[in-house]
Every structure is written in structure tokens, then in C-alpha cells.
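Just need the whole structure built from these sequences, with the hints factored in.
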Amino acid sequence: MPEIRAEGLRKEYGKVTALNGVNLTINNGEYLSIVGPSGCGKTTFIKSIAGVVKPDAGEILIDGNRVTPLPIEERGVGYVFQEIALFPHMNVYDNVSYGLMVRGVPPTDRRGPVEEMLHMMVLEDYVSLYPKELSGGARQKTAISRALTSGSLLLLLDEPLGALDLKVRTVLRYELRKLVKDLGLTAIHVTHDQEEALSVSDRVVVMKAGKIVEVGSPMQLYLKPKEIFTAKFLGEANFMIGKVSNVNGRGSQFDVSGLNLSAGINGEFFPINGETCVLAIRPEFIDLTSKPGNVNTWACEIVSASFVGDSMRYEVRADNGAILLVKTPITEDESGFVNGDKAYVTLPEGSLLLYGLPEEGLEKALSLE
Amino acid sequence: MAIRLFESVMATLDKLSSRPKVKKVVYAFAVSFLISVILLPPVLGISFKLGLAEQVLSNPELVNRSEAAIFWSFIIALSVASLDLIAGLPLAWIISAGGSRWISILDALADIPFVIPTVALGFSTLLFWGKTGPVSVLGVIVPPGLLLVLLLHFAFSFPVIVRVMVGELMAHNTIYETAAKTLGARAFPIARTVTLPLLRPGLIAAFLLAFARSLSETGATVIVAGLFENGPVFIKNAKDAGLEGPMVLVSFTLIISSVAVFALIRLLGTRLKIPIKNVYPVPEAGLSSNRSVNIRNGVTLLVFGLFVLIPSIYITFPAIGALTDGTLQKAISGLGVWSSFWQSMTLSYVIAVIVTLINIVMGLPIAILIARKKLGKLATTLIDAVVNVPIVVPSVALGVSLGFFWRSFSFLPEFWILVFAHMTITYTYFVQAMAAAIEGIPEEMEETARTLGGRPFRVFRKIILPLTKYSFLSGSILVFTRSVDETGAATAVSQTLKTAPVLLVSWVKHQVIVTDSDIALGIAFLVLTSFASLLVLRLIVYRGKK
Amino acid sequence: MPALRLLNVTKRFGAIKALDDVTFEVKDREYLCVLGSTGSGKTTLLRSIAGILHPDDGDVYLDGEKVTEISAEERNAVYVPQTYALFPHMTILENVVFGPLAKNTSRGIAEETAGRMLKLVRLDKRADAYPNELSGGMQQRVALARGLASGAKLLLLDEPLGALDGRLRLELRTKLRKLAKESNLTVIHVTHDQEEAMTIGDRILVLRKGKLQQLGTPYHVYNRPEKIFVANFVGNTTFLEAIVKTRSKEGSTLRLREGLTVRVRDSSFETDEAVILSIREENTSIMPEPKGDEPNRLSGEVTAVHFLGSFIRYVVMLTNGDVIAARVPIKEVNTEINKGDWVSISFDPMNTHIYEYPTLGLQGELEAN
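Protein chains in written order, with my numbering: chain A, 1 to 369; chain B, 1001 to 1546; chain C, 2001 to 2369.
Since the hints were derived computationally from the structure, they do not count as laboratory data. Among the hints, erroneous ones may be present.
To be verified - Here are the computed lysine to any residue pairs in the SDA-like style, where the Cα-Cα straight-line distance is at most 20 angstroms:
#1 C:K2227 with C:L2215
#2 B:K1015 with B:F1457
#3 C:K2103 with B:L1013
#4 B:K1374 with B:G1440
#5 A:K243 with A:L324
#6 A:K167 with C:K2103
#7 B:K1277 with A:N273
#8 A:K211 with A:P358
#9 A:K178 with C:L2308
#10 C:K2331 with A:P358
#11 A:K364 with C:E2171
#12 A:K224 with A:Y130
Have a look at this one:
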């Protein structure tokens, strides 16, 4: 159950800054996910913890001990690679027992822990198969077993499910969390799949351009993101530029390209009269109805409607030209809207997120590439 | 005008290439060339004359000599390839790790014995280990004979191992080593349990190439052999003595046994698995330490310098001497023996140009067939095997057989017989280089281009060729230099016409009245032209990588 | 006239049937998503349509014309592999003019077309760049522009979003569809992501082991899955083993393990027949306590709570040991339910499907291969 601390980590590859001063503490027994667009430095971060990458500056402490100068093989971390990287010339059993073998554990003493691990991962039937004979899921489970058999309590997962089919991925991610919790491990899981991060983690770290944007519990980050990029990257959101037209004790009024919106007091951000800021709302919090609501209701026209199984996705155009994405649950009584229908959207005051206008411009701040 | 004509010709060819019939004709032509010019002549040539070999069987003395020669050929090849593997692998490791300018210089130096024509290598080795050589000061003199042959073969097979293994190590995905490290393994156990097993196919390939090169070499071996005989030396001696029977017997046996040995190593090599059951942390940690690594690197560099590099380039000293003692003027004026030298040089280069052009045209379709497995798995394996025969079989034996075959067409002038022989000997290089390069291009790229409306020939011109141009050039240059350097087959085939290496061997053996300065300078000219080709190759490859 | 028609197409690789008697039609300007897991034959399907592969049996028709024997370059159906296969030695512009030039268009016209297409995908400013200088998303757009410029009316996309990061993938889905619709293209889009297929496709074709499982609109496939495999692959579904207890015109009663009973709308199975009951996770309600009037009330213990962003997913173990999952839109989550809580579960008989008990057992039926 190790505790990991990163202090001021920096790493540059030529002109690209992969880590730009990263400070983070991962608690004992925590399942932490790191998400961010490609090139944000998330993989460099866990590679630095494993020792695969040597940071240019900064320190890594495992349980208070400085491990930065230690080579990979002396750090004792379990690492699961995106490429899986099972030894192709060894069968499942030999792969899983490799960590014990290189520590000089005699074959008879290896059997116990290896078989226990194989049993826990339900891999007993595959012991004598070679990696290329396994399905993607079994391969990944073998890689996880290999990383854990020598007793490491720190599990570093670099896009562990990225190579798998979506359906398999969804099943495996829950198994992964269960395993980590059952064995009392500390896990750091790098992924670009935001749903994966939200569903398995105790805390999520959002990174962008070598820096940590925000850290918090999945619910915090999803429902009350403090940073505009978090709102963009985790889940979907509509973003609108508005001008503060009135501020009072209960909240504030905004002029969004000619339409009015009001929002309650919003924790972090205190609007000033006349200031330009960004309002955001997740598509599933917008109400779409055939009759106007009470507050924050705009008339709109349905631009597109698509059925996506558990919900309907609409694109609607408000009178000010703004295009909003709306997601509504499927209900039996309401057959939904079709293209060209006139309707009303209501943006509940409590669901609106407020941000200052980013210095680099809204589009750049939200850019994923 | 010319451009428009070219465009319209290309457009017509594009269109033609869409027709299944045209495709079939092109491939069928290339395959028939492979069979009728590369495969059948050596097989048939020797079979015509098998009767001659039977006469030898009644002469026990000759039989013993032939048996001994063949036996030593294989012993030398096996031991040299094994020793080279042991000595070459650490050097390949150092080079592939890269990191400094010194290492790229080392990389270039490692190639030297590969690009110096073997005749020059032989002469250089002879002088280095001889009575006047630098090590004679220490009392070390290696006279011509078995030991000197071993030293020579060790030197010229060495770069083959290094080259192949550097390539393998560079292409090797180091993620497995990283994975092993995260599991707690140290450097030495990782090399033993992960890297080497994964590189096994490359190790086998490198071993086989070194083996083949040793088995095949003729010119240099003749120079340093003294009274000792291995297969190729025996054939050369038999030819000089006009003994056709023994020549046929040994050639035939060499052809059959080399193919058999190769097939065997290939087969066993892929089956053979060394179980990895244990790691010994304490001693292996010692072997992984910086000190052991430094000692290993030191020994590796020493062996490379003393046994490979310096003996190979020792020829430079007498060659520089020849520049000042009047030999240079004699050579340039083309008087005496030098007139035949320049004729031979011209002959060598004319042959090389023709051979290179034909091998490119005939080799391309075969390379595509192999790379894209167009004829199915079995046929591809077969064609691949046939393509490899010329480098597997000792070239002098191949030459003997080719000589018999082509001379049976009495209307063929000797010049063309030489061309055909060189064509067979060098056929492999271009096809292999191109097949590997084409295989490296994702087939999807070609397929996508086709669905965009690109006809097969257009896709080849616009996509495949530009993406493989470096392999195209390096393959062609390899064919060219191999052709210029070829001694074994040329010796076996030549009657009155002598290519440059064949002529130089006769100079070194003092079958012609020449001074040591003449020999050194003659060899220096061959080496220089060879180096020029290498330089071009390096530049091309270097720019390609950029 | 359909843009594409496959008639009894079969393709074998050795003993494996990659396509097994596949027949279907695609309408002009239709966007068809082919959904299947790795090894389902979906790439083989695309390549057979493109003319890169030739089927062993059956025929392919494009615009009513039989093209089975016609080579790829004459079909006018552009294949875009997952890697995009941009020509690395050519600039973006050169890549895009390849198609028109190959079809003997003059250089001037070819470049004009290419310029127009690059503008359409907003890459006209990068015409002189080389593919490796572009991000994954841009490369994908080049591949599309290149296909469009060649004049193809049929675009064959193999996992076009697969090489991209999760969040970016989400964003580009709708853009891809828009582009196709604006350019009047017929598109076959292969994916293993059911959500992607539902969001983009006019219709969805589900493939398994080379066999067509179902073809229909997202709504149809989602609400009327004809097979257990489809019900599982498309959407998130709970399956329970059951036996028909009674049947009537209005539906049947099923007996679950340990004697629990539920009502379903389907009445096509005989009494005592073994069946599989399927319920969508989002059609399953979960309450801290029963209200009293809800249908099919069951109770159990919450064994896991997964936060998915717009949904919360609860996994509940029923009193009989069966496991059922409920997915609740985040907006409708009003009372807190935690792991270990005892809860009431219910679902509407109208939202159930039942299937014949599969000969290979339930697990065998759910597996993709």
C-alpha cells in the first residue's frame, strides 16, 4: 500500500515539454486515473514513476523514500503496458512467473504465488498457451498477473485496455478496480477514455500540455469542474460566451448573444458587471420541452435528432443562433421531437457552470489536439 | 515533347497493368528467368559432367584430398561463424546502442572488411601476419596454411555478423526489455532470457551468412592457403592442373552439402528452444555490473582491432609505398603487365554494369512476388529459397557448374559466359533488398491507392518505388560491387578473359612476373573503386534516413 | 437503385469463413455502420466491397452493376483503412490529387478539386505539409478529402475514429456524418463501438463470425434485437435465465432461479420452456424502498456503484443470486444509494425481451467469437 509523491517533475523532449512542473500525491490504496488528450504528458508521468523515463528535474518519493536515482529494476513497481508486451517466447505460466524467477526464487517456490494469481485472474486454462494464442482480454489479464506476481503493491497501468474491443474493455475495467481493491494496491491508471476514468477511480487527474489541470473525485470533476478544460474533457458540454448584465446577492444575469440567462452563486467564480465570461452546461441537464419553462427558457428549433439507445441526442438552434447539444432519456410517454420541430430548452440555474473567458480564447482553451 | 511522350507511354503502361493477362505475363517472364537462368544452369551444368567425377573415385589419393578439402571447408566455416558470433555480438550491441560520434565511426569501421575486395583482404592478411608484418616484431609469424586461413575468414565474416545484428537490434522493440526491468530483472539476465531468445531468427540468419561467406570465399583463401586446401582452393588447384574430374566431384559435393547444411540449420534453428528456467541473481548481477560491461567492451574492441580491422587495412602501407617508387607512373602509362590490368578492370566494370541492369529488371517482379506472397505461402517459400541458392552455394562450385553449362552452347562468346556467371552469383542481393523494403510498406497503402483509381503500375511508380528508392539503390550497388569483387566463380569460368580479381590473384601467386609494389598498387586501385561505390551507398542511405 | 448490394457473399481464409453468406443492400447516400468485434469479418467485408479481396462465392453490385470480377481501381469505391494509409512521401496536396490524376484528370483540374476538398475539411492551409506533421484528427480528414477528391460516391471507412483519443473521437463522430451528408456520399463505416454506430449510422448492420446478425435503424436494432448477441452487443443489458411459467394473450410469467417470478410482454414461448430474459440497464429502476405499485418488483443488495458521467450504474445482487444492473440518468439521481445498501428493483414488462435458451448456453451466445 505505497504512497507516491511527485514533486516538481519536469521532462522535455527536444522542444516539447511533456511534464511542466507536476506535483501530485497518490494516497495509500488509492485508485487514481490520469486523463488528458494525447501529448498531455500522462504517459510520461507514470513512466517517470516506474523509472522508464528519467525526469529532467523533480523528485519521486515512494513511501517517503526518494527513488528518483534508482534504476527501473530496483523500484519494484508493477507496470502494465499499453502494448501489453508479454514475452512472446514464453507461455502464460512463464510470463507470470518471470518476476519471481529473476529474483532467484527456485521453481518449486514460484508455483504457489503464480498459481494463486492465475486462479484469481481465471487464467488457469491458459497456462501453457503463448501470448499470440490468447484473446485480447486474456492477454491483458496475463500482463496484469505478471506485473503483480512478485508482490508489488503499486500498479501502474498505461492505457491497459486501449488495445481491446469496447465491450471487453467495459467488462475488464470493473474487474481491474475490484482486483486493486481486493489486493489493497495503489493504482495509477492512464487512459484517454473518460468514461473509464470516471467509472473506476477514487480520484481523477486531468492533464493538459504537461500540467495538471484539476484533481478531484469523479463526481466533483464531472458535476462541478473548476476548470473549463475539465468540463470539456470529461463528458460533453455546451459552451457559450456571455456578458454579465447584472449581479445581485442571489446570482447573476447574463446576456448570451441577445438572450438572457441567470445563474446562481457558483462557488469559485464571482462575475463582475460588464465582464465577458463563459457559461457551460452538460447536454443531459438541459430540459427540452414543447412548452416554455419558468426560468432560463429559450425557444429553439430542432436541427438534428438521433436515437442513441439509452437516450436521444438533439442539436437545437436557439434564436440567437447558438447550437446546443441536448441529451434526454428515452421515456415511454414522449415520442420525442423530429427535425424542424419548434421547442423550448430550459437551462436550470443550478446546472450552469461559470468560467472566466480564457486568455488564449475559448476555442484554443477547449482544443483537444 | 519528350516529357509528353514519356507521360503517354507511362499512361499506356498504367492501363496495361490493370489487365490480369499483362500482370501474368510479366510475372511469368520473371519467374522463367529465375528458373532458366539462375536455377537450372548450375543444376544442369554439373549433372552433364557427373561422369567425369566417377573416374576420380578409382584414385584413392585424389579421393582423400577431395574429402579432406570438403571436410576443412565446413570445419572452418562452422568455427569461424561461431567465433564471429561470439565476438561480433557485443560489438553489434555497442553500435546499436549508439549515442556518440565515436560509435558512428566504429559503425563505419566495422564495415571495412566487408567492402574491401576479398583479394585485397587476402593479400593484406598475408602481409600483416607474414615475415615483414608488424606482429613479427613480437615474434608472431603466421605462415600460409590452415591458421592463416582461419584468421582471414574470421576477419571477412566478422562484419556480416555485426551488420545483420546491428540491424536486428535496432529494429528490435525494446519494450520487452523495459517490461523485464519493471519486473526486477538486471541487464545480463534480460539479455539471456529476453533479448537473445527474441533475436534468435536474426542470430540464425547472421550465423548462416557468415557461414556461407566463409564456405564460398576463393580468391583470398587461395592467397593465404599455402599448401593447405579447402574446397574452393582444391577446385582452383584442380582447374590450374587441368583435372576436370576432381573439380566436378568437389563442386558437386559442395553444392549438395552446403544446401543440405543450410536447410538443416534453418530447420533446427527454428525448432531449437533453450528452456529458460532459472536466473542466478548474485553471479548475474556481477555480470550486469558496470565493471564487467567495461571489461567485455574492451575485449570486444581489442579483438575487433587486432584480428579484423588492422589486418584488413594493412595493405595501405605497401600501397602508399608504391606511389613513390615509380610504380604509379608505370601503371598510368599502362606498360607491361599494366596493360592487361586495365583491360581486366574495364572488363570487370562492364560486366558489373550489365549484370546490375539485368538483375534489376528481372529481380523486381520477383521481389514483389516474394514480398506480397502473390503466389501463396508455399510457392513464396520456394521462390525465396531458390533466390537464396546463389549465396548459399560456394561461388567457385557454382562457377564450375555454370561454366560447364554455358560453354555447352558453343556459339556463346566467353564474355557472355562471364556475364551469366556473375548474374547468377549476384542475383540474390537486389531481390532480397527490394523484397524486404516492399514488405515494409503496409499493403493497405497499396490497396488504398488502388481504390482511389490507381492502376497497379501507377501505384508502383508513384508509391512503391519512391518509398523503396534507398533499398533500390543500395541493392543495385551491392550487386554491382559483388560483381566487381567476385573471384570464385570468375576463376572457375574464365578461360582467356580475366576479370580484375582473377588477374590479381595470379599476380599475388606470382604466376606472372610482377613486383610487390605492382601487386599492392593494383589491389589499391580495386579497393579505391570499391570504396567509391561504398561512399555513394553510405551517402544515399544517410540521406534516406534524414 | 441501391448504391451497393451484396448477394450471398462468402469469403474463406483457410478453414475460417470470414464472411458467411452475407446479403444486404445499401441505399444511395445512406450511412451504414457495420458493428462487430475483432474477428467478426467486418474488415473483410469492406475489402470485398472495395475489390481488394474477391469473394469465394456470391456477388457484389455497385449502382446495380455487377462488379465481382472488376478490379479495385475501376470500382470507384474508396477504402480508408484504420491507419489512413496516407502516402508518407507526398505532401497533403499531392496525396489528395493522387486520385484525380490516376483517373487521367488534367493537373489543373485535379489541383482545383483537391483544393476544394481540403477546404471542405478545413486543411487548405496545410496543403504543403507532410502527413507525419499532422495530428491524428487532421490525418483522418486528409484521408477523407483524398477519398472525396477521387470522385468516389462510396466511402468505405475502417474504424475511422479508432486511431484517435477517446474524447476527440466523440467530437469527430458527428462531424464525420455531417461531412458525408453534405457531400452526398454513401458510407460504410466499420466500428466496434456501438455508441458510435448508434450516433452516426442511418442503419446498423451487426456482424458476428462472418454472419449478418441484424440490419436496421438504430431504433430498430436497439429496441427489437433479434438475437441475444445483438441485445448484448448494442446497448447495456442484463440477461437472466428463466422458465416460462404461464402464458396468456397479454404476456407470460417467468420463473427465475429460486422461484422468483416476473411478468413479460412476450407470449410466444411454450409453458415450461427455458428462456433468457433481457432487460436494458436504463429500463431498470432502482429505489431505496419499494413504492408498492411498481411491476416486477425484486430486491437485492447493491454490490457496486459506477459513476459514468451522465449516468450512474448500480449493480445489484438479487435474493436468488442473479445479478442485475440499473443505469440511472445523473439528473434523476435524487437519493443516495451506496454499495451494500438493500434496494428494490423493478422493470416494466413492456421493456423486456425473451429469447430461446441458446444451445451453447448464455455465455457462449454472448461471446463475440
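Okay, the hints, checked on the actual structure:
1. C:K2227 with C:L2215: holds (12 angstroms)
2. B:K1015 with B:F1457: Holds, because 8 angstroms separates the two Cα atoms, which is no more than 20 angstroms.
3. C:K2103 with B:L1013: holds (14 angstroms)
4. B:K1374 with B:G1440: holds (16 angstroms)
5. A:K243 with A:L324: The hint holds at about 18 angstroms.
6. A:K167 with C:K2103: violated (42 angstroms)
7. B:K1277 with A:N273: Roughly 74 angstroms between the alpha carbons, so the hint for K1277 (chain B) and N273 (chain A) is violated.
8. A:K211 with A:P358: holds (16 angstroms)
9. A:K178 with C:L2308: holds (16 angstroms)
10. C:K2331 with A:P358: violated (28 angstroms)
11. A:K364 with C:E2171: Answer holds: K364 (chain A) to E2171 (chain C) is near 15 angstroms, not above 20 angstroms.
12. A:K224 with A:Y130: Violated. K224 (chain A) to Y130 (chain A) sits at ~47 angstroms, over the 20 angstroms cutoff.
The structure shown violates the earlier hints numbered 6, 7, 10 and 12.
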